[in-house]
Amino acid sequence: MQDFSQAFRLAFELVFSADADLLEIIVLSLRVSLTAVAIACVIGLPLGAAIAMGRFRGRNATIILLNALMGLPPVVVGLLVYLMLSNAGPLGWMQLLYTPMAMIVAQTVLITPIVAALSREVIEQLHNEYAEQFRSLCVPTSKAIRALLWDGRYSLLTVLLAGFGRAVAEVGAVIIVGGNIDHLTRVMTTAIALETSKGDLGLALALGLVLLVLALSVNAAVMALRLTATRHAYA
Amino acid sequence: MPTPEEAAGLVIEPPVTTSVPPGQGVVHGLAYDAGGRRLLDGIDLDIQAEKFTVIMGPNGAGKSLFLRLLHGLIEPSAGSIHWGGKSLDDQVRRQQSLVFQRPVLLRRSVAANLEFVLNLRGRVDPAAVRAILRHVGLEAQAGQPARLLSGGEQQRLALARALALKPRVLFLDEPTASLDPASTAAIERLVGEANQRGTTVVFVTHDGGQARRLADEVIFLHRGRLLEQTPATRFFDRPTSSEAADYLAGRLVF
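If you read the protein sequences in the order shown, they are chains A and B. Going by our numbering, the first sequence opens with residue 1, and the numbers climb by one from there. Going by our numbering, the second sequence opens with residue 1, and the numbers climb by one from there.
The hints are simulated quantities; they were obtained by calculation from the structure and are not laboratory data. Just so we're clear, the structure is a prediction, and the values are computed from it rather than from any experiment. Hints may be right or wrong, so weigh each one.
Unchecked claim - Quick list of the computed label-pair ranges, beta carbon to beta carbon:
1. A/PRO140 / B/GLY137: 26 to 36 Å
2. B/ARG234 / A/ARG55: 43 to 53 Å
3. A/ALA215 / B/GLU139: 45 to 55 Å
4. B/GLU139 / A/PRO73: 55 to 65 Å
5. A/THR228 / B/ARG102: 24 to 34 Å
6. A/ASN60 / B/GLY192: 43 to 53 Å
7. B/HIS206 / A/LEU34: 53 to 63 Å
8. A/ALA61 / B/GLN196: 52 to 62 Å
9. A/ASN67 / B/ASN119: 32 to 42 Å
10. B/GLY60 / A/ARG55: 25 to 35 Å
11. B/ARG94 / A/ARG55: 15 to 25 Å
12. A/PRO140 / B/ARG134: 44 to 54 Å
As the list claims (entries may be wrong) - From chain A, some residues computed to sit far from chain B (all C-beta separations above 12 Å):
13. ARG31
14. GLY58
15. GLN95
16. VAL139
17. ALA147
18. GLY165
19. LEU201
All residues carry an ideal CB built from backbone N, CA and C; glycine is no exception.
So here's chain B without its partners, still in its complex pose (with noise of 0.2 Å):
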């Protein structure tokens, strides 16, 4: 008997073995200016594969910019991004997937919003699709227009959308922002099971609860500069920075 993951396709077939694994991220001396101004600068790190790493901050530290340069949705100023040993290109990013804050749908079903995905990587079988639309909980509502779905439905929906195209890599920038309990722990759900069938998980949020819940590593960021980068849970016991401690307990960091 197949387990859900594996009817609904989404199981990740094992990487062919190189020295570097597709889901290990290496950013070296990463810049970013705009307008003038350098909002992210000198960032160093390594983002382990398979792990599931959550990046803090105060509003403005830069963390959905430095997101965006990850999955090579801009280019940087300054410095390199390398994804299992590769330079960000075409072929690097199509094994990853972006969720944003607010999920962008096109103006179709929802079972037309998954053909969209899976058709751009291959044949678009009818029968995954049920299958994927069943794991997130939105089968019965396959034929309606993706844009009536509630707030919490469109985001399972974007969810359910990045990982059929099985990606080594998810992005996720603040998914669970808008969303009452019950649907962020649905998208919790469903992203742990992800990360653990294997997918690198790089995860924005300001939620320091869903961070000890998820987090096996803690990226925090201020002013555009990396400050921390620790095990999740000497994170929160033991924070090196005083920005961070001030952060986690709820005083204003400037």
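So here's chain A without its partners, still in its complex pose (with noise of 0.2 Å):
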């Protein structure tokens, strides 16, 4: 118990000190993340909204296939990002294994499939309403596109954060490709795990407190999202 004690009482005094390592990681893990989920966005909200307003052969099949996807194990991911950057995979010439690239790569694979079948399901949804009055008024798809996505923002926000949110709490598709090299690829979640096989509470601890806040402010972010959304009128 005495252990246990110690190790949150050096946890709060790392977090409240300021601790330079422990800063690196956060930071490192925010940049990472952030990334991916700007990569996720600029691929995954055009391919939702372009599903969501096609009708197309095998529309049903890619949805379900996208839906698949958001369960993808991050090992898995990880494992195939491996496959891909490693000296003998067919980006190894790119040299990004074991470079927070690399990582990103990992994170936007994971995430992707999230951001457009989650955003699919928002544009869908409002597509459905608006249609007939965009038919009506013979809007161009481009600018049908464009005023989906912005109706429709508060919901997708909320996507966004969801997205980020799977992608700064995994751990198995960064250790993978990323190595926990420390000053270089170690993120939260991969230094949780390493400190914790090494018996170095205090560590883990203080990052974990930061990934619960963390998690409890994209939460909060997504309810005050979603409260401003019904005070305004708009969800």
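Hints in hand, dock the two standalone chains.
Written as structure tokens, this is what we have:
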């Protein structure tokens, strides 16, 4: 019990003293996950919109596949990205393995289906509501997509937060492609795994606290967005 | 001094002289099937340009469906529709507007809803937006979210949005069905003014009083078939079909 209380004390000390190692790990985690979310948005939002508005052969199969991909196991994604980026793989020449960029790629692969599938649902619901009016007004497809993305902005922001939550909390993919190298590819989740296995519970707990605060903040932001949307009758 | 309509930019340019005015509709042999059933059948009629045509009929007669076909929102199973002598395409539809029974408003402010449609046809002039909103009595609500407006205000905004496009033909699908008398009167006034300015109006309603007030001509549909197309005064005084007579008398029509 004394070990636990010491660990908690150490954790709080690290957090409140803004320990340099701790900050470095947090900053890298946020940089990797936020970049992955940004790339996933660039790919996932137009993909979701295209599937929501398009009527093509194999649409239902595409939706089923996309929904299934939301549950991709991070270790499998890590393994696949590792195979692609390793020296023997097709993208080995880029020499990205064990760099933050490799971690960004892995997290992007992991969360793009989440962003695409959830945004497809949001946009399709809105499209069903607007479709006849847009057809009556002869709204061009590009303007219709922009209008749907803008009018669905509050719901889509919650989609992005869901993607960020998934990215920042996963460990399996980034530890395989990043290697958990100190001062280079060590992020919060991989550091927690390592420090726990070493028995250094203080740093692990400190990082765990930061992750918990992040998770709480993300959920609070989702709730605040929903309330704002309802208050402004945009929901 | 410009008239209020001129200030709001709602005055329609006179049409380029052609043999058929753009607001004139010709429907020939129109039929529509869905779910293995024929919902509209053998409809032949002309809709006179710049007139106020009211479509009446009991529930399930196919009025709203007919309106959607006239505007080209759905494709007929058979027959043809021409406006101004042209087949229905996007170019023709851009000269038309439709107001739905339940207004579909964007999740934006009142002014932004109007700007969206004006932007589709060219540059948005904020002064024109204000003038149109003033014309329909919504200037004070310009910055409010459109979905927080009352039912009557939402329908006025939907009508303002439709009129902002300066349509040659204005379709309205029971636009006052759920509105109070004051809101109904406001909608009727705005639609009547548009008609006076030369817009062909095709208006679906169940309200006999409203049809009497507004209509130049009445189209009566029953079970997907056209039973009457007559001047309004004759329709209300001497309907030729027993179904129309029963409908006007408030008797159930089967």
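Hints the structure fails to honour | Violated: hints 12, 16 and 17.
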